[in-house]
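Build out the structure end to end from the sequences listed, making use of the hints.
Next come the chains, spelled out residue by residue.
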Amino acid sequence: MRNLLQLILRYSNFLLLVGLEVVAFILVIRGNKYQQIAASGAANAVTGSVQLVVNNIASYFRLRADNEQLLEENARLNAEIFELLNDQTRQRHDNDTATTRQRTPLASEESPYICADLDYSFVPARVIAFSDDRHHNYITLNKGRRDGIAPDQGVIGKDGIVGVVQSVSTHFAVVAPVIHEGLFISSMIQKNDYMATLHWHVPDIHTASLEDVARHVDVQIGDTIVTSGMSAIFPANMPVGVVSDVSLGEGDSYYDIDVRLATDFNSLRTVHILRYAHRAELDSIQ
Amino acid sequence: MIDWLKYIGLFLLLLFLQVLLLDNLHWLGLVHPFIYLWAILLMPIELPRWAQMFIGAAIGMVMDLFTHAPGIHMAGCVMIAYLRPLLVARYVQDIERMKGAITLQSIGPANYMQMLAVLVVVHHLIIFLLEAFTFSHFGYTLLQIILSSLFSYALILMLEYLRKNT
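Those protein sequences? They're chains A and B, same order as listed.
The first sequence lines up with residues 0 to 285 when you count with numbering that gives the first Met the number 0.
The second sequence lines up with residues 0 to 165 when you count with numbering that gives the first Met the number 0.
These aren't lab readings, by the way, just hints derived from the structure by calculation.
Mixed in with the good hints there might be a few duds.
Claimed, not checked - Sample of chain A residues lacking proximity to chain B, with all beta carbon distances greater than 12 Å (derived):
(1) 29
(2) 64
(3) 277
What the hints assert, rightly or not - Quick list of simulated restraints, FRET-style, between CB atoms:
(4) B:7 - A:151: 34 to 42 Å
(5) B:50 - A:251: 51 to 59 Å
(6) B:133 - A:217: 39 to 47 Å
(7) B:20 - A:84: 35 to 43 Å
(8) A:268 - B:3: 36 to 44 Å
The structure displayed is predicted, hence computed values, not measured ones.
Quick reminder that beta carbons are idealized off the backbone N, C-alpha and C, glycines included.
Listed below in structure tokens is the structure:
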């Protein structure tokens, strides 16, 4: 017993090192599992405020580029409004004979997927910090619990999907972007609705790979990849990217597909967070 | 007491430099220097070793808060806080009589440069490998470690020279 105590005393420093490293390692493992970060409250009021101050200063130097982005998005939205107005007038003509005015049938009655209809609301947010050189990147946004943001809500930018909210504090949210190795995004090939999983690996932040596409499927360079709508995070048909490379080995049963991501994570300044109205209902039965 | 306030002030300054400037550089998605670990080098050597390790852990945890990845910087900082006295003992005969921070003057420029190189590389190895948490794309991670270590090393040496001359 005495010898044992002496041994422990003699190596106390080393044992302390081992103990502290084990604690750190447990933290790392817990943090690496995407689901568990959400519970650990990694979005923090203090760190968020500091990053907000930096971003407020830095954003003055990018005003011109930001304006151009916003103008571009405005133009796209205007085009969409015109398209919708045209649709509406056409429908009114069709419904002239109908006796009651009902809510027009939603697209979700035609397709089995959740669609971007009245059930989603959009919260605009600004990117105040991000990383692009890690395996598990992050984006910090200036909207939080106060604005109705909660973990597992989808985030989209002007070009396509951006990521999924990981954790929130009162004023800030941390997002796991598509360029996060722990994130798997349910997507489909737009032309034939074939489901596949999008997954990103280091180092190229512009390219991800599309997994689980069997060899009988028709897939070509230039095909558009969109979200599948199989979860409440993203509605169906949100742009994800474009197929940039397809290869199939002699004996392989699955393709190796590279997808050029629609979103440029380096120039991302403003995003929208998607809030799905029937989230609680869906979660309660799933 | 005054020394401790000075030390905490210096740590906050380093932390701000790290978080406000270096974490926002995004150099090619490859180079990410960490200079905050200079604070661990400046810890008084006469502290008991367990205290040095706990302070290292605390510094790492503060850094982890800013990078949204718990445990990674803590692991790196505890390791170099443990290694530092062992390395100093190689260069200084009577470590018992040594006091204060590890600086260019206190152990000599050549020794300092060697020791700093070892600590920076160990720290960066742990941090980048833990963040990756995989050996796939190991070449990329290795390149990140080498380039980032070089930049951190140069920046900390620069800071050390600046401190010496003021």
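Do the hints match the structure? See the list:
With a closest Cβ-Cβ approach of about 7 Å to chain B, residue 29 of chain A is found to fall inside the 12 Å limit, against its non-interface label. With a least CB separation of 15 Å from chain B, residue 64 of chain A remains clear of the 12 Å interface cut-off, as annotated. Here residue 277 of chain A stays apart from chain B, with its beta-carbon at least about 30 Å from theirs, past the 12 Å limit. In this structure the hint that residue 7 of chain B and residue 151 of chain A lie 34 to 42 Å apart at CB holds, the actual value being about 39 Å.
Between residue 50 of chain B and residue 251 of chain A the beta carbon distance is about 57 Å. The supplied range of 51 to 59 Å therefore holds. For residue 133 of chain B and residue 217 of chain A, the Cβ-Cβ distance of about 33 Å falls outside the hinted range of 39 to 47 Å, so the restraint is violated. Distance hint check: the CB atoms of residue 20 of chain B and residue 84 of chain A are about 48 Å apart, inconsistent with the given range 35 to 43 Å. Here the CB-CB span from residue 268 of chain A to residue 3 of chain B is close to 41 Å, well matched to the stated 36 to 44 Å.
Going through the hint list in order, the structure does not satisfy hints 1, 6, 7.
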